[in-house]
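Trainee: Using the hints provided, position chain B relative to the given structure of chain A.
Protein chains in written order, with the working numbering: chain A, -11 to 462; chain B, 1389 to 1863.
Take these hints with a grain of salt, some might be off.
What the hints assert, rightly or not - Listed below are the simulated EDC-like cross-link pairs for lysine to aspartate or glutamate, each with C-alpha atoms no more than 16 angstroms apart in a straight line: (1) B:Lys1424 x A:Glu143; (2) A:Lys308 x B:Glu1543; (3) B:Lys1424 x A:Asp224; (4) B:Lys1708 x A:Glu143; (5) A:Lys308 x B:Glu1491; (6) A:Lys349 x B:Glu1545; (7) B:Lys1743 x B:Glu1648; (8) A:Lys308 x B:Glu1494.
Unchecked claim - Examples of chain B residues lying across from chain A (beta carbon under 7 angstroms, computed): (9) Phe1426; (10) Gly1500; (11) Gln1665; (12) Ser1779; (13) Thr1811.
Claimed, not checked - The calculated label-pair distances, taken between Cβ atoms and stated as ranges, are: (14) A:Thr284 x B:Asn1486: 35 to 45 angstroms; (15) B:Glu1707 x A:Pro67: 20 to 30 angstroms; (16) B:Gly1794 x A:Gly237: 47 to 57 angstroms; (17) A:Glu190 x B:Glu1707: 18 to 28 angstroms; (18) A:Glu312 x B:Leu1428: 41 to 51 angstroms; (19) A:Glu195 x B:Gly1747: 21 to 31 angstroms; (20) B:Gly1467 x A:Glu190: 48 to 58 angstroms.
Derived by calculation from the structure, the hints in this document are not laboratory data.
We put the beta carbon where it would ideally sit given N, CA and C, even for glycine.
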Amino acid sequence: MLKSFWLVAAAAALAVGVTASEVGAQAASSAPSATAERLQIETRYYTLPNGLKVVMSREPSVPTATVGVYYGIGFRIEPRDRTGFAHLFEHLMFQGSENAPKGTFIGSINSAGGTLNGSTRFDYTNYFEVVPSNALEQVLWLEADRMARPVIDQEVLANQQGVVANEVKVNVLNQPYGGWPWLDMPQLANENWHNAHNFYGELDDLEAATVDDATQFFESFYRPNNAVLVVAGDIDYDVTQAMIERYFGPIPRGEPVVLPDISEPRQDAEKFATKPDVLAPRPAFSAAWHVPERGTPEWFAMGLLDSILVQGQDSRLYDKLVRETGIAGGVQGGINSGLGNMFNYNGPMLWTVGFVHDPDKSRDEITAALDAVIEDVRSNPVSEEELARARTKMRSSLYNLADPTTRFGLVDLLAVGALWEDDPNWVNTLEAGFERVTPELVLATAREYLRPTNRSILVVQPSAAQTAGTGDAQ
Amino acid sequence: MIRPLISLLAAVGLAASPVVAQAPEYPSMPPVGTPKPFTLPAAESYTLDNGMQVTLLRYGNVPKAFVGLRVYVGNLNEGGDVWLPDLVGQLLREGAGNRSATEIAEAAAEMGGGLGTSVGVHETVVNLPVLSEFAAEAIPLVADVARRPTFPQSELERVRANLQRNLAVAKTQPQTAAEVALAAAYYGTDHPYGRVLPTDSQLAGYTIDDIRRFHRENFGAARAQLYVAGQFEPAEVKAAIEQAFADWEPGPERLSLPAEPRPGPRVLLVDRPGAPQSTIRIAFPAPVIGTEDDLGFRVTNALLGGAFNSRITQNIREEKGYTYSPGSGIGFNPNEARWTFNADVTTAVTGPAIKEVIGEIARLQSEPPSAEEAAGMRTYLAGIFVLQNASANGLIGSLATRDFHGLPASWLEAFVPGVLAVTPAQMQSLAREWMPLDKATVVVVGDLDTVEAQIRELPELEGMPIERVDPFAVK
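Chain A on its own, in the form it takes in the complex (with noise of 0.2 angstroms):
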């Protein structure tokens, strides 16, 4: 009774169909061989007359349904004053709604045997959950009425920015290397207010937001048609159709949503910044490039190189960092890494690369083991064989997606494909994307790209002695 469409030969597409055919266990045996395969998500989409864009996708292998609720407001665009405020504003909404007083919304899931959670990004904050299917149309009505109408009163802003406040502080303020580098490193590499802010918020910041605000962020940017709604897993395209038309249908549209310019000049000058932690015992490294814009070739090349410098113990920055100058136990990096992936982001965006070294390693000696590595990709081709390994890791990680535990990151995908590309399909051009780059590509993208006046350097360098439960001075 397991059904498999997420997956498709190409080859035999046509004939197998993208919906019916059974192919579960006892089929696997016959699956074809992976390089004729696809990541091939099926999906049904239109868009609300109130501007709410529907994303559907059907696979029922588990009775269990997940639903997203996007909106196209992210960390980079919030008021000047008030940083960490989409953010708060995103704690904000699970605080009831008007026929669903607090509590109500979390209870309701957990209570049908689901879970849920939000989160804040660049360019979006998302509100999920996943339930057994049975429970799904409660979901979307919690989610309908709280996209309508939110309660959100002084009681309940002040219980949030007492919760947020903590949370900066357990994952920032009272841990070694709390926001290195995801939070600290954009504060350097950008230009533009919006990339190069704390986007967790001064706590002062926090402070001073008001319900006012609260209410101002949400007119202008928590309307319809600034929204995507994704609901996969166990459903019926037209009961959950239905479903949707009657609880999010009468929604208003909001004004067209009008964002900031977000853009980042070309960067020809290196940049360098030290934070002192008192909290670290060791000091660590860590350097970031801007990426090519998302979409273009370069940016699928980008990708590759991120697999090939740094993704697994097979790759390049690994084999230089950690087993062959003993610098590093492990390399961590990526694109929008910490914050997302190379998909879920829709402006300038860096590739970082980090990790916490031992004081007798000098940043002359990192460098040079650094450079060493991004000048030899600077240089020379990379081979046929690294670059079909590169893409058979990626192709595995996409098929990741199709795992039916919460479905959150297929979710997550069919959305920002919707939000930009207006086109919920596009998660399944990405593999073509990949397969499309070449060795030339991949150089002259890395000659233009990792170039070092196009990267900034952040160290953290231990800055007070240590007592007990801070753990050991050096």
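Mentor: Chain B alone, transformed into the frame defined by chain A:
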């Protein structure tokens, strides 16, 4: 920002129509229907002649296969050599059979995976997720890493330095300080459960001979369980398993080393000068997995602190704003289990936060939850069971847990019916039986200049011994 956002409040009943004010134009909240059945697929299990257990599970909608070898060797087996198994686990990847570390990594990547090794208290795990067509090919690579590591002397100092760095970083995290202090007091430092971290000199002292000896004396087929899950061709995979593992020496039987927990009363304070938050742990013994009270206590835990809409989260997060990420859970060892509450709360409200948590336990002990609230918690756990077992990799985790604890084959099938049978009265009586408030173990890592007085003033902790400890002191 992308950490779990937790929240909660009064739970709305499952089938009962919710009591909410309605805007005239908006329909009333639709009820939740009856869940569809969720049936677990059958797994095939067999034993090789040398005693190695094999479980094959063809499941899932993704053309991938997950190969996982679990060997019952971990910190339990280290004697006094803390983290020696961790060093062994790290070095497994540094060369095996006729492959170098780089060749292992490249071979795994070409199959669409990354080979991972991890070491826990009870198990060393070698994991390799691959594209389906490479399932059989992945088996000998996993076998080489577990059976024929070369343990090159040339890589030891580098890998040791990595662990030393990890150790130094861990000691600066307040959560680590809390765990180390709790474990040492609760299990005693004469048991591996109570010795979480090595001393610097210990870690500096291990030689390549120690590493080779540990591997030789501990790894073998009799302690090994191999799981292959996902989409794969079973005949090919079985043949590959036979070829790669049939001649593995059985080695020793699995080690049994039961701990003897030392419940409180006890309050341990760890100073972290200037800390903006206090890291709190409150612990009690919990029912052993598979015993009579196990499932009932899990529902009780969900209600207290395990679910997003749990009472403690509702209270100290959603009403009072004291914390971001409170929670509670149960950790299961072979002969015992421990319930632990954890939270990081703003320094100024450390005492009030502890008071509220203890107050929520006491409230449940004094009155059973409503039928609606209890039903919501049961359904929550039943739903999480589906999520956890919806994928090949997830279900294999459940099977491994079952096997590790020696539970009957039917344990998984009995889980949801067992959870759904728990009554409100049982939840109340389980809270009474398993959470004797006068025998709590409480740990607070924070700015003691501010926090200690708050704690000493709490009537809830009156009469309990309170002491300052340094979890990282070299004894």
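Trainee: Could you run down the list of hints and mark each one as holding or not?
Mentor: Okay, the hints, checked on the actual structure:
1. Note on Lys1424 (chain B) and Glu143 (chain A): the hinted pairing is violated, with a Cα-Cα distance of about 40 angstroms set against a maximum of 16 angstroms.
2. The hinted pair formed by Lys308 (chain A) and Glu1543 (chain B) meets the criterion: a straight-line CA distance of about 14 angstroms does not exceed 16 angstroms.
3. Only pairs whose Cα atoms come within 16 angstroms are accepted, and Lys1424 (chain B) paired with Asp224 (chain A) is accepted, the gap being roughly 14 angstroms.
4. Note on Lys1708 (chain B) and Glu143 (chain A): the hinted pairing holds, with a Cα-Cα distance of about 10 angstroms set against a maximum of 16 angstroms.
5. Using a Cα cut-off of 16 angstroms, the hinted pair Lys308 (chain A) and Glu1491 (chain B) holds, with the two alpha carbons roughly 14 angstroms apart.
6. Between Lys349 (chain A) and Glu1545 (chain B) the CA atoms are separated by roughly 15 angstroms; this keeps the pair inside 16 angstroms, and the hint holds.
7. For the hint pairing Lys1743 (chain B) with Glu1648 (chain B), the CA-to-CA distance comes to about 29 angstroms; that exceeds 16 angstroms, so the pair is violated.
8. Between the alpha carbons of Lys308 (chain A) and Glu1494 (chain B) the distance comes to roughly 14 angstroms, so the proposed pair stays at or under 16 angstroms and holds.
9. Among the interface hints, the one on Phe1426 (chain B) holds; its C-beta lies about 6 angstroms from the nearest C-beta in chain A, closer than the 7 angstroms criterion.
10. This hint holds: Gly1500 (chain B) has a C-beta 3 angstroms from the nearest C-beta of chain A, less than the 7 angstroms allowed.
11. Interface restraint check: Gln1665 (chain B) against chain A, minimum CB-CB distance 5 angstroms, threshold 7 angstroms, status holds.
12. Satisfaction of the interface hint for Ser1779 (chain B) is found here, the shortest Cβ-Cβ separation to chain A being roughly 5 angstroms, below the 7 angstroms cut-off.
13. Below 7 angstroms, beta-carbon pairs count as interface contacts, and Thr1811 (chain B) has none with chain A, the closest being about 17 angstroms; its hint is therefore violated.
14. In this structure the supplied range 35 to 45 angstroms holds for Thr284 (chain A) paired with Asn1486 (chain B), their Cβ-Cβ distance being about 43 angstroms.
15. A beta carbon spacing of about 28 angstroms between Glu1707 (chain B) and Pro67 (chain A) agrees with the range 20 to 30 angstroms that was offered as a hint.
16. Remark: the range hint 47 to 57 angstroms for Gly1794 (chain B) to Gly237 (chain A) is upheld by a beta-carbon distance near 55 angstroms.
17. Taken as a hint, the range 18 to 28 angstroms holds for the pair Glu190 (chain A) and Glu1707 (chain B), whose Cβ atoms sit roughly 26 angstroms apart.
18. The hinted range of 41 to 51 angstroms is satisfied by Glu312 (chain A) and Leu1428 (chain B), whose Cβ atoms lie roughly 46 angstroms apart.
19. Here the CB-CB span from Glu195 (chain A) to Gly1747 (chain B) is close to 28 angstroms, well matched to the stated 21 to 31 angstroms.
20. Hint check: Gly1467 (chain B) to Glu190 (chain A), Cβ distance near 51 angstroms, so the stated range 48 to 58 angstroms holds.
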